[in-house]
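Now for the letters of each chain:
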Amino acid sequence: MDDRLHLIRYLYGEEEDESALARRLSGDEDLYREYEELAATKRALDDRPARRPDAAVVDQVVDEAREAAHSSGPRSTSPAEDRPARSPSRPWTRRLQTAGAALALLMVIGLGWWQGGGRSDGPVADSATPGALDEPARQAPTAAETRTSSTDDVPAWDDGEELVRIQRRIDRLQARSAPDRWGALQRVGRP
Amino acid sequence: MQPTDEELVTAYLNEDDGAFRRLVERHQDRIFGYLMGMVKDRAVANDLFQKTFERVIKAMQGQRGSYDRQGQWLSWVMSIARNAAIDHTRKQKKWADVSQDEDDGRSFWDTLEDNSPYADEQLHRAEQREWLDEHIEQLAPEQKEVLLLRQETDLTFREISELQDVSINTALGRMRYALKNLRKMMEASDETALVGAIDP
Numbered sequence: 001m002d003d004r005l006h007l008i009r010y011l012y013g014e015e016e017d018e019s020a021l022a023r024r025l026s027g028d029e030d031l032y033r034e035y036e037e038l039a040a041t042k043r044a045l046d047d048r049p050a051r052r053p054d055a056a057v058v059d060q061v062v063d064e065a066r067e068a069a070h071s072s073g074p075r076s077t078s079p080a081e082d083r084p085a086r087s088p089s090r091p092w093t094r095r096l097q098t099a100g101a102a103l104a105l106l107m108v109i110g111l112g113w114w115q116g117g118g119r120s121d122g123p124v125a126d127s128a129t130p131g132a133l134d135e136p137a138r139q140a141p142t143a144a145e146t147r148t149s150s151t152d153d154v155p156a157w158d159d160g161e162e163l164v165r166i167q168r169r170i171d172r173l174q175a176r177s178a179p180d181r182w183g184a185l186q187r188v189g190r191p
Numbered sequence: 192m193q194p195t196d197e198e199l200v201t202a203y204l205n206e207d208d209g210a211f212r213r214l215v216e217r218h219q220d221r222i223f224g225y226l227m228g229m230v231k232d233r234a235v236a237n238d239l240f241q242k243t244f245e246r247v248i249k250a251m252q253g254q255r256g257s258y259d260r261q262g263q264w265l266s267w268v269m270s271i272a273r274n275a276a277i278d279h280t281r282k283q284k285k286w287a288d289v290s291q292d293e294d295d296g297r298s299f300w301d302t303l304e305d306n307s308p309y310a311d312e313q314l315h316r317a318e319q320r321e322w323l324d325e326h327i328e329q330l331a332p333e334q335k336e337v338l339l340l341r342q343e344t345d346l347t348f349r350e351i352s353e354l355q356d357v358s359i360n361t362a363l364g365r366m367r368y369a370l371k372n373l374r375k376m377m378e379a380s381d382e383t384a385l386v387g388a389i390d391p
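Taken in order, these protein sequences are the chains called A and B. Per the numbering used here, the first sequence starts with residue 1, numbered consecutively. Per the numbering used here, the second sequence starts with residue 192, numbered consecutively.
Just to be clear, a hint being listed does not mean it is correct.
Here are the simulated SDA-like cross-link-like pairs (lysine to any residue), alpha carbons at most 20 angstroms apart as the crow flies [claimed, not checked]:
{"#": "1", "chain 1": "B", "residue 1": "Lys371", "chain 2": "A", "residue 2": "Glu67"}
{"#": "2", "chain 1": "B", "residue 1": "Lys242", "chain 2": "A", "residue 2": "Val57"}
{"#": "3", "chain 1": "B", "residue 1": "Lys249", "chain 2": "A", "residue 2": "Val58"}
{"#": "4", "chain 1": "B", "residue 1": "Lys335", "chain 2": "B", "residue 2": "Arg233"}
{"#": "5", "chain 1": "B", "residue 1": "Lys335", "chain 2": "A", "residue 2": "Val57"}
{"#": "6", "chain 1": "B", "residue 1": "Lys371", "chain 2": "A", "residue 2": "Ala40"}
{"#": "7", "chain 1": "B", "residue 1": "Lys249", "chain 2": "A", "residue 2": "Glu67"}
{"#": "8", "chain 1": "B", "residue 1": "Lys371", "chain 2": "A", "residue 2": "Leu103"}
Partial chain A-side listing against chain B, Cβ under 10 angstroms, derived [what the hints assert, rightly or not]:
{"#": "9", "residue": "Gly27"}
{"#": "10", "residue": "Arg51"}
{"#": "11", "residue": "Val57"}
{"#": "12", "residue": "Val58"}
{"#": "13", "residue": "Arg169"}
Hints were generated in silico from the structure; no laboratory data involved. Ideal Cβ positions, reconstructed from N, Cα and C, are used throughout, including at glycine.
Just chain A, same shape as in the assembly:
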């Protein structure tokens, strides 16, 4: 570090090796002159009276500090207390809850599947083991009824022949309308 920077540290009482700097000062006139100038300026600065904030401002700051301290409560510098030990059954409870939820979900899916399968397989079960399923068998329709109801459920036009006929008609209409559109465009384009 430059001796002139050491001078600044010396002026403010931060120089670690003051005796070494004093020796250099005694042997260097320029350095000593600079020291005297800097010291005189520092003395002028030190002589300035201190400035203080208004007493009301200090009171207000202290009041705010008091309110903040009381609203947040005392802060202990000691370590926080340990939390109570968890009961050993806690993980098992959690596992049981998970397993129960999974079982319930499986039961709902199984019930749904069974109900859907029971309706379609009803006549087969009915004919294979008559009387085996009392209530469902009574509710399930016979094969003839099923066929009747299935044809009743489908709209009258929704058979193969009707669909083919409708499709052909659509094709014919499209074939007829296509040249008209083209011709109309050409007519517009002519002078």
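Following the hints, position chain B against chain A.
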């Protein structure tokens, strides 16, 4: 034996109401002196002093930020005061064209004559201070700040260099130029005053 800053901080956090007042009163001249040097307006310096401590209290109570610089309470508070002063200076620059306030920060009561036996001495010192402050104001901003931080707040050059995020040699160099430039200005001012006194 005086309690250290850290002991007072711990006492305050344990709801000792008097501890915070002692901390403020211990350092009020340093913090306020720096703020006054930066903003040159007593009312604004009071306002910034209060804002600084609002932030300090919040941080100490863990509401906003945190105080974890053990053993460097004043240095930490000064970093908050410095930010407040810089924020204010930036705002002032932004509104410089709008504000034409020439207030010197003195209240009506400050302007009244003092008839106490030390009135002359006090007046002389106040004038001397004002005269020096005018010269300090003319220093380059980075020189002025180092001078105010070292002279008013008593932070070490190491702490100042950390605060300004510069090397310690830079901080020392700025201080050296601040003192040398101030010396030149004072000498020039003295010569002018002398010429003015002789010249009819």
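>> Let me make sure I understand: some of the numbered hints might not hold for this structure. Which ones are they, in numerical order?
In response: Violated: hints 1, 5, 8, 9, 13.
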